[in-house]
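These protein sequences, in sequence, are chains A and B. According to the numbering used here, the first sequence is numbered sequentially starting from 1303. According to the numbering used here, the second sequence is numbered sequentially starting from -2.
Any given hint could be a false lead.
[To be verified] Cross-link-like lysine-lysine pairs, in silico, DSBU-like; alpha carbons within 30 Å at most:
no.: 1; chain 1: B; residue 1: K214; chain 2: A; residue 2: K1763
no.: 2; chain 1: A; residue 1: K2118; chain 2: B; residue 2: K460
no.: 3; chain 1: A; residue 1: K2123; chain 2: B; residue 2: K419
no.: 4; chain 1: B; residue 1: K325; chain 2: A; residue 2: K1761
no.: 5; chain 1: B; residue 1: K325; chain 2: A; residue 2: K1848
no.: 6; chain 1: A; residue 1: K1420; chain 2: B; residue 2: K463
no.: 7; chain 1: A; residue 1: K2191; chain 2: B; residue 2: K460
no.: 8; chain 1: A; residue 1: K1431; chain 2: A; residue 2: K2123
no.: 9; chain 1: B; residue 1: K42; chain 2: A; residue 2: K2123
no.: 10; chain 1: B; residue 1: K42; chain 2: A; residue 2: K2118
no.: 11; chain 1: A; residue 1: K2119; chain 2: B; residue 2: K457
no.: 12; chain 1: B; residue 1: K42; chain 2: A; residue 2: K2119
no.: 13; chain 1: A; residue 1: K2123; chain 2: B; residue 2: K460
[To be verified] Some chain B residues well away from chain A (every beta-carbon gap over 10 Å; in silico):
no.: 14; residue: Q32
no.: 15; residue: K49
no.: 16; residue: I54
no.: 17; residue: N129
no.: 18; residue: Y186
no.: 19; residue: V199
no.: 20; residue: L209
no.: 21; residue: R211
no.: 22; residue: K230
no.: 23; residue: R431
no.: 24; residue: R446
no.: 25; residue: S477
Just so you know, these hints were derived from the structure itself, not from any lab. No residue lacks a Cβ here, since even glycine has one placed at the ideal position from N, Cα and C.
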Amino acid sequence: MKRIFTRISVLAAFCLLTINVAIAQNITVKGKVIDGGDKTSLPGVTILIKGTQNGTQTDANGNYSISAPANATLVFNFIGYTGQEQAVNNRTTIDVVLASSTQQLEQVVVVGYGTQRKIDVTGAVGAVKGEDISKQASVNPIGALQGKVAGVSITNVGTPGGSPQITIRGTGTIYGKTGPLYVVDGVWYDDINFLNPADIANISILKDASSQSIFGIRAANGVVLVTTVKGKRGDAVINYNGTVGVQKVTNLVEMANASEYATAVNEAYSLLVPPAAPLFANTNLGEGTDWYDQALRNAFVTNHQLSISGGTEKSTYNFSLGYLNQDGIVENNNYKRYTARLSNDFQVFQPLKIGYNVTGAYSKSKDAPTSIFRALYSASPVVPVFNADGSYGDPNAFNLGNGSNVNPQATLDFFNQNTSKYKITGNVYAELKFLQNFTFKTSIGGDFGQEEVRGYVPKYKASNTQQSTNSKLDIDRIENRNWIIENTLTYDKKWNDHSLTVLAGQTAQRNKMYTINAEAMNVPYSSEGDLYLALGDAASRSLIDKGELSTFTSYFARVNYGFKNKYLLNASIRRDGASQFFGSDNVWGNFPSIGAGWVITNEEFMKDQKIFSNLKLRGSWGKVGNAGVPFNPSTQTVDQSAALIAIFGGIPYTGASIRSLVPPQLFWERSAGTDVGLEMGFLNNRLNVEVDYYSRKTEQAIFDIPVLGSLGTVNSSIIANQADIQNRGFEFLATWSDKTEGGLTYSISGNVGINNNKVLNVTSGANPIYKGGAGLTSGYLSTRTVNNRPIGEFFGYQVEGVFQTDAEAAAWPGFKKGDFKFADINGDGVIDLRDRVVLGNPNPKFTYGLNTNFAYKNFDLTLDIQGVADVDVFNANLSNRFGNENYTKDFFDNRWRGAGTSNTYASANLAGGLNNAPNSFYVEKGDYIRLRNIQLGYTLPQAVSSKWKMQKLRVFLNAQNAVNLFGYKGFSPEVGGTPTNAGIDTNVYPLFATYNFGVNVTF
Amino acid sequence: MKKYINIQSYCAAAAFTAVLFMASCKKDFLNVPPQAQQPSVTFWKTPEDALKGVNAIYANLRSWDNVAFNAIAIESTGSDEADKGSTPTDATFFNLFDQFTVTSTQGSLQGFWTGQYQNINLANQVLDNVPNISMDAGLKARYLAEAKFIRAYSYFRLVRAYGNVVLRLNVPKDNSEYNLPQSDKAAVYAQIEKDLTEAASVLPPSYGAADLGRATKGAAVGLHAKVALYQKKWNDVLTYTNQVMGMGYDLFPDFEKGFRTQNENSIESVFEIQAELIPGNADASNSQYSQVQGVAGVMGWGFNTPSAVLASAFETGDPRRDATILFKGETTPQGDLVPISVPNDYYNQKSYVPFSTRVSGFNEGAQQNIRVLRFADILLMNAEAANELDNPTQALSSLNRVRARARGGNASILPNVTTTIKAELRSAIYQERRVELAMENDRYFDVIRQGRGAEVFGPKGWKANKNEVWPIPQTEIDLSGGLLKQNPGYN
């Protein structure tokens, strides 16, 4: 204890010293800072009195005013510009011209627990500026990253309010969490769809293991660091951003019309064994119902963001409000999100800064029925939406059977489900600088969320199959209560040719999730006020809950050392303890990393060369973990599920037993990754090229061990840490930015990521994991994950042709004319599951993007293209047949309908025999290229805007997903899915394009 | 000066917070117990645990694998009494069983297999763990006997379906006991008989209302008779059936009404799988037995429909035809109109639950019990054994008792069988079994054990020396590393 007090007094003494420095005779210096290129004023430039923390910022017009000692030196800094020092020398006016640092070199990137100059980074970090996100007019911050960063693959979901799926450098896990860790201002999240994209100042994506490793046990899927907008010193700046737009469905699949459908169904019936009588006596039924036309609409979307920021020398603030209202393209579907954010920073005393960020978010969605898109696909065109008497068209009246027994309009009309999400999250921090080189920071963050899904089914009858004999109220509540405390101590020193930063830190986290589900029947509904379980039948009320609780405690340290700006060395270590693995030998894990860089252009021997304006070679290695593995997996637990409730004399009695094997002890998945990168600048850094090679191996990944059915367990497999998964690839990024004599400023940036994914060394051997679909793929499993192959490959029969005659099919039991003819792989004369082969790979090999910006006078244009290549999609919409689902027009036109008509498309009897089993016919190329975003803006001349008391007024037109090119025969090749169920297209939200008109105003 | 103090205290406070926090981070922080899950080491301690464990065995008997598609595929589709049902293009995998083209990789083979072994595991859990619980000795003995009964029942279903199966009589202690070889069919039957004998010696003849549906002595002896029947142990069949016939069982007077929910666990019931629709608990109301066979689009999915062959198998005027088959367009005794616009001509009436009982959010007909063993079956087994043992008088007496009930007092139909010629009487008994037990998953294996598989099912593709059993699931063979051997004729 004595030692601590000693330290504190030393500390305090130094606090004191720093104060003394600031005391001298002051004068007021004023001036304006402008851009050396276009001579426009630069707002937000930081001006510091050298050797102190005292400073200010330029206001919106580039003007500043600072009180400084007459003999002081002012340091002007602005991101993207070369910093400048000006000795005051008793001058009271100092105007400064800052030269653009032709980016990159001086660019600062956010890394774990700090920032680094881009030139000092030894790992692979993708940085995206806030404006590039807000320019997308995207409703989700992550969706806006699509195509922006090499090696980051993003799959959008169309559902309003849905979160896109993000995969960084390939899939490295099968059973663990696949999403990255999001860190927003020091608070950790699994998802950031509560964030208003306009609140984001920048995003860093840590791609390689060495950069991730400071986040340890939860970093294996990559880390996305989000820094939110802070206020700047100066007068209040009011910003308004608004868009109004319309979303239009694109690339719809054309379905068969009523006549075609009836023809195909009759054909299918005639091909059954024994043949069934035609279902339709008359197939001349005209167009019938176009269900997509009936249920889909052009949907409205509007987004408004208002922010007020500013500050004094001692404090800054930023306050923002956001409102999003997005209609779904399917009737009744709507999502609204309200966000409010406040951040405040106070320079309490010179060495002490405190502040907080707080975000409140509320969203409410009127949900779309779960499988409505599948229902629209399979609905029969012969069924009218409504009968002449106003009742719903009933598929049963046409004897269509189970495959197509739904009137989607009735599904929509009687569906009533709302999801509300409330969240309050943020952090408070204190930052203390002492002993000149030390910074101590402590931050306490919290994340409190509540989600409520409320479904109400009224009592109704649309048909025998679509009815509810009773009303039902169903309430799901999910609560999250998370906190995180982080303490870091940084030592920063530059001397002679050396620069050194040392970081040490400690954190603790607690995450609690609690879910409760309750329902009751026969709840009346005269108003929303009736929707309480208490009003339902007492006997019908039920309630069940579950929870998850995990804690982490961690220590970490990092050293960054640079010599002569030429040789760079970074090394870090994190030690994580995770409650999830308590009781095993694996509570604690160590995650080291090391990285080195060589800035070759700073070498003497490079002085005279003219080719490279920058050349840097870097390499790194690190370890990370994935703690997002199934919860409490190592404990054998008692099964007391409702399925074990016994009935005696009509009364339920609790049952419980043990229905699992003693599981192997599970621990987190361990990843180790290496990255080698080359950064090159040419032509005075107008052209920048970055190339990365990476190799990441997840060691001891969780993999299935199938168990004998005769063990009678409830699951057919157990899991253990027993496989390695490898992702290897290249990334290329090239950016060209320039300014022409004529005043055109532009940048063109292209990126490509190439990834190869493979499972290695499964300890339990060749027992594959079969997954993928089942109920969505006619009851069959469509993927296989096995040693030495990519995760989740499509697996099924290889189509060799179509049997043209029964005579030709006679040799194959169970096959007949019009059926697919499959390759008999094992040559036993019978086609069964042993004849399956690999049909395709759902993991995209290439992801790429092309992002451009043009500015000419008052016009600006952004054009982003994005795509994936060398990927396969399983068209489960086509294959998933249990009966008389509708056919696509393409299938109808090309189907086999007699000898010689087709050797690739089967007959209309697609649900018969093995025709609907996974096979090569259903696996299609999923490559696409898309005009992701195009935006044309016009900034009104200052003369005009200032008349309206505005600093800036810009109007723009924006289109997202306006052009999509792909050969795939489904709605969208952008399918997504969990690792062993990826790329299976069924019920996918149809693609839509969004066209917006928007305004930016700054006061 | 004041400023200095402030700063000093700030510095101190900050440093202090950090130090304090680090100190407070004890090891306890990481000690988080499993949430909402009971570790298995805390189970099998109390009499309540024993009861729950026994209850669980009964509950699993109504699982999907035990009563729905997979059971239908294995135990019914191959027969001549049932068709696939639903629309022609729906769930066409049933055709593989109907036409005997099924191969070892077909999923229902594994599903039915696993379903039975799940029952067996639940029984073994009780048999291994309950003996160590200190509790009432009588109750403990009964629990163990109940577990033995269900284990025997599950092995009986397995041995009929697959022949040589893995005989697993204990919960495996470790992974050295996971992979066991198949036992000879005879050894499996011997174990079944052992379990039933032991169960019968303990189980009570009946239960109070709160335990209605648990295995009784009659159930154990009755099932033993059926197991003996499949082994042609005629003396045993006769002994056991005679024993059951002395236990107070009788035929329920109205054949049709005997299958309605209000007459569950009737005087005719020897063993029934209990199911119920429990308001507020759809997960416990999980029997899909009635749903998968219910009138398509109205009360279920419409599979496992009675065949035209079955419809013509009844004697003229036999009321059991109408009670077994729901005809398209008919109005049921409960007043339901089966619409004319349904995809099939016939549906199973024995699994039928009136349409008005439907509650949305629950499986249609979740309340229907599955009649596993009825007294009528006991009588017919008694008749068959008596006839085989050259006692036509007793055979006729038992047989005609069944016919008399079916007749329902209408003297003009179903006259008593009078023949005493052994072969003729045997045929008459076979025929009676066919119509009395129709659509109760009895017919397929019944014909096979009678040795008439080729004769009856041959036209559908059934082949002797192969189709007596279905193939062992391929995955199971693969996972056993080849320890399990495939049945002859299947590869």
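Earlier hints that do not hold, by number: 1, 3, 5, 6, 7, 8, 9, 10, 12, 14, 15, 16, 20, 21, 25
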